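11 is the number that our numbering gives to position 11 of the sequence shown; each next residue is one higher, with no gaps.
A couple of the hints might just be wrong.
As the list claims (entries may be wrong) - Using 20 Å as the maximum straight-line C-alpha spacing, the simulated SDA-like pairs for lysine to any residue come out as follows: (1) 190 / 109; (2) 190 / 112; (3) 204 / 119; (4) 195 / 87; (5) 213 / 156; (6) 204 / 72; (7) 213 / 107; (8) 213 / 59; (9) 195 / 84; (10) 195 / 72.
None of these hints come from the bench; they were simulated from the model.
Since this is a predicted model, take the numbers as computed values, not measurements.
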Amino acid sequence: MTETRRSKEEHHILTETNNKGADGGDVFMTHHDDVHYHSGQRRRRMILISLTIFLLLAGVTVLIVWLVYRPHRPRFTVVGAAIYEMNTSSSVAVSTTMQFTVLVHNPNDRVTVYYDRLTAFVSYRNQAITPPLPLPPLVQGHRTTVSMSPLLGGGGGVPVAPHVSNGLTTDQAYGMVALRVVFLGRLRWKAGAIKTGPYGLYVKCDIMLGFRKGFAGQVPLLAAPDCDVDV
1 MTETRRSKEE HHILTETNNK GADGGDVFMT HHDDVHYHSG QRRRRMILIS LTIFLLLAGV
61 TVLIVWLVYR PHRPRFTVVG AAIYEMNTSS SVAVSTTMQF TVLVHNPNDR VTVYYDRLTA
121 FVSYRNQAIT PPLPLPPLVQ GHRTTVSMSP LLGGGGGVPV APHVSNGLTT DQAYGMVALR
181 VVFLGRLRWK AGAIKTGPYG LYVKCDIMLG FRKGFAGQVP LLAAPDCDVD V
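Build out the structure end to end from the sequences listed, making use of the hints.
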């Protein structure tokens, strides 16, 4: 009788101990809770794996599209020039009217080029001698060449440093004038349904003209390499 009571008391103590936590608190984790916990862990792991695979596939797709449609910078070349006026009688201002024929080539096989906010001007010794001329927007298909002939200057005199006016006078006396035609603007590429954001466009065309004071009209291009294009 005594042994049986003692066994029951020990069994009751063991049962209560198993239902207590390490700090003496009750343990509420049941078999159902344990299954639910591990199921949630597996679900979160699967979501993380799926997200990683999606990002990897998206990155590979973007890389493949970039390699296939990788845009190349357009090419600018000056092929003709005319000077209708070159007045350097003032040491602090230059009045001139010029026209240049420029070929713009899109070398891309699958990419269309959009030109926005284009302006053009002429500089001499890193100083502008014509005011900037806004040009209309241009859309250029792949593997196409467009000809532009902006008429620059023609207004009043442009303020310059004395060494600019004196340099132009000296160059005209020698019969050779080195000028730079500059284009500024924005450029966007479009390949299929993908269109890039705007990029700054800076084009400088260094040319050497055969020109003497008093002449007006078409002038020979003594040197006109491809323009430097920076996007």
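Evaluated hints:
{"no.": "1", "hint": "190 / 109", "in the structure": "holds, 12 Å"}
{"no.": "2", "hint": "190 / 112", "in the structure": "holds, 5 Å"}
{"no.": "3", "hint": "204 / 119", "in the structure": "holds, 12 Å"}
{"no.": "4", "hint": "195 / 87", "in the structure": "violated, 45 Å"}
{"no.": "5", "hint": "213 / 156", "in the structure": "holds, 19 Å"}
{"no.": "6", "hint": "204 / 72", "in the structure": "holds, 17 Å"}
{"no.": "7", "hint": "213 / 107", "in the structure": "violated, 39 Å"}
{"no.": "8", "hint": "213 / 59", "in the structure": "violated, 61 Å"}
{"no.": "9", "hint": "195 / 84", "in the structure": "violated, 41 Å"}
{"no.": "10", "hint": "195 / 72", "in the structure": "holds, 14 Å"}
Checked against the numbered hints given earlier, this structure breaks hints 4, 7, 8 and 9; the rest are met.
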